[in-house]
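Chains A and B are the protein sequences, given in the same order.
Start counting the first sequence at 397; every next residue gets the next number (the working numbering).
Start counting the second sequence at 7; every next residue gets the next number (the working numbering).
Since the hints were made in silico from the structure, they are not lab data.
Beta carbons are placed, not taken as given, at the ideal position from N, Cα and C, and that holds for glycine.
Worth double-checking, as some hints may not be accurate.
[Said to hold, decoys possible] Pairwise CB distance ranges, derived in the manner of DEER restraints:
1. B:Arg73 <-> A:Ser425: 31 to 37 angstroms
2. A:Val447 <-> B:Lys58: 21 to 27 angstroms
3. A:Pro465 <-> B:Ala23: 48 to 54 angstroms
4. A:Gln466 <-> B:Glu104: 15 to 21 angstroms
5. A:Val408 <-> B:Gly35: 39 to 45 angstroms
6. A:Leu492 <-> B:Gln51: 16 to 22 angstroms
7. B:Thr57 <-> A:Val507: 40 to 46 angstroms
8. B:Thr110 <-> A:Asn426: 29 to 35 angstroms
9. A:Asn426 <-> B:Ala23: 27 to 33 angstroms
10. B:Thr76 <-> A:Leu492: 39 to 45 angstroms
11. B:Gln87 <-> A:Gln398: 36 to 42 angstroms
12. A:Ser463 <-> B:Ala23: 45 to 51 angstroms
13. A:Ser397 <-> B:Ser85: 30 to 36 angstroms
14. B:Thr57 <-> A:Gln398: 14 to 20 angstroms
[As the list claims (entries may be wrong)] Mimicking EDC-like on lysine to aspartate or glutamate, the simulated pairs with C-alpha atoms at most 16 angstroms apart in a straight line are:
15. B:Lys105 <-> A:Glu418
16. B:Lys83 <-> B:Glu21
17. B:Lys105 <-> A:Glu495
18. B:Lys58 <-> A:Glu455
[To be verified] Reference listing, derived: stretches of chain B covered by chain A, where coverage requires no fewer than 3 residues with Cβ under 8 angstroms from a Cβ of chain A:
19. 44-57
20. 106-114
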Amino acid sequence: SQTIHQWPATLVQPVGSPLSLECTVEGTSNPNLYWYRQAAGRGLQLLFYSVGIGQISSEVPQNLSASRPQDRQFILSSKKLLLSDSGFYLCAWSRLNTEAFFGQGTRLTVV
Amino acid sequence: GNSVTQMEGPVTLSEEAFLTINCTYTATGYPSLFWYVQYPGEGLQLLLKATKADDKGSNKGFEATYRKETTSFHLEKGSVQVSDSAVYFCALGVTGNEKLTFGTGTRLTIIP
Numbered sequence: 397s398q399t400i401h402q403w404p405a406t407l408v409q410p411v412g413s414p415l416s417l418e419c420t421v422e423g424t425s426n427p428n429l430y431w432y433r434q435a436a437g438r439g440l441q442l443l444f445y446s447v448g449i450g451q452i453s454s455e456v457p458q459n460l461s462a463s464r465p466q467d468r469q470f471i472l473s474s475k476k477l478l479l480s481d482s483g484f485y486l487c488a489w490s491r492l493n494t495e496a497f498f499g500q501g502t503r504l505t506v507v
Numbered sequence: 007g008n009s010v011t012q013m014e015g016p017v018t019l020s021e022e023a024f025l026t027i028n029c030t031y032t033a034t035g036y037p038s039l040f041w042y043v044q045y046p047g048e049g050l051q052l053l054l055k056a057t058k059a060d061d062k063g064s065n066k067g068f069e070a071t072y073r074k075e076t077t078s079f080h081l082e083k084g085s086v087q088v089s090d091s092a093v094y095f096c097a098l099g100v101t102g103n104e105k106l107t108f109g110t111g112t113r114l115t116i117i118p
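Could you build all of it, start to finish, from the sequences and the hints given here?
Spelled out as structure tokens, the structure:
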């Protein structure tokens with residue numbers, strides 16, 4: 397069966413510090429991978445998606461970047477965090493445009 | 007383009023009440039439709055899905071029917087429980103498009 401791991405679960409970082417959130421998928425190959433952000437009390441905002449190694453599509457201009465160094469690994473990064481980067485970050489995968497499966501999320505607080 | 011419109015929340019119901027959360031969509035092509043549930047502090051979980059017109063998805067007492075004529079996929083449950091308190095998202099996916107389209111979510115609170 398397929399599983400998705402996302403870590404860390406919570407993170408408190410000072411403004412201006414770097415960020416690296418990691419997501420890995422097991423039990424499938426060549427998945428589509430996604431990073432979403434969810435601000436408090438709001439819906440989902442798609443940040444990045446990837447259909448293959450090294451292929452990243454950005455949905456919104458921002459202070460963040462994404463990379464896919466391996467087939468089942470998706471990393472969300474920032475060189476310098478802003479207060480507005482605080483939120484709940486969700487990684488997800490899907491195959492063949494069917495339903496997406498989500499990780500447990502990372503609660504990021506920038507202070 | 008594709009879009010999903012769902013009922014604004016929050017919705018508050020008493021235990022054992024009947025639940026309906028409305029969802030309508032616009033899509034190019036033939037979408038699959040989904041309902042996701044998000045419990046506090048967690049990621050989204052797929053609750054149910056339907057892949058073609060007139061299909062009914064069901065799970066944990068929840069149901070939704072894919073209505074092509076009204077472009078709707080309303081979520082229903084006959085008798086809600088306190089444990090159903092969560093945020094519910096309607097979504098669609100279209101073959102050939104890598105991205106799911108989500109509604110804004112509806113927060114449901116069930117009071118004993």
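Cross-check of the supplied hints:
1. B:Arg73 <-> A:Ser425: 31 to 37 angstroms: 36 angstroms, holds
2. A:Val447 <-> B:Lys58: 21 to 27 angstroms: The hinted range 21 to 27 angstroms holds for Val447 of chain A and Lys58 of chain B, with Cβ atoms some 25 angstroms apart.
3. A:Pro465 <-> B:Ala23: 48 to 54 angstroms: 49 angstroms, holds
4. A:Gln466 <-> B:Glu104: 15 to 21 angstroms: 19 angstroms, holds
5. A:Val408 <-> B:Gly35: 39 to 45 angstroms: 43 angstroms, holds
6. A:Leu492 <-> B:Gln51: 16 to 22 angstroms: 20 angstroms, holds
7. B:Thr57 <-> A:Val507: 40 to 46 angstroms: Roughly 45 angstroms apart at Cβ, these two residues keep to the hinted range, so it holds.
8. B:Thr110 <-> A:Asn426: 29 to 35 angstroms: 31 angstroms, holds
9. A:Asn426 <-> B:Ala23: 27 to 33 angstroms: Cβ of Asn426 of chain A to Cβ of Ala23 of chain B: about 44 angstroms, so the range 27 to 33 angstroms is violated.
10. B:Thr76 <-> A:Leu492: 39 to 45 angstroms: Given range 39 to 45 angstroms: violated, Cβ gap about 27 angstroms.
11. B:Gln87 <-> A:Gln398: 36 to 42 angstroms: 29 angstroms, violated
12. A:Ser463 <-> B:Ala23: 45 to 51 angstroms: 47 angstroms, holds
13. A:Ser397 <-> B:Ser85: 30 to 36 angstroms: 31 angstroms, holds
14. B:Thr57 <-> A:Gln398: 14 to 20 angstroms: Check passed, 19 angstroms falls within 14 to 20 angstroms.
15. B:Lys105 <-> A:Glu418: Status violated; Cα separation ~20 angstroms.
16. B:Lys83 <-> B:Glu21: Distance ~11 angstroms between Lys83 of chain B and Glu21 of chain B Cα, so the pair holds.
17. B:Lys105 <-> A:Glu495: Judged against 16 angstroms, a Cα distance of about 10 angstroms means the pair holds.
18. B:Lys58 <-> A:Glu455: 28 angstroms, violated
19. 44-57: holds (count 7)
20. 106-114: holds (count 6)
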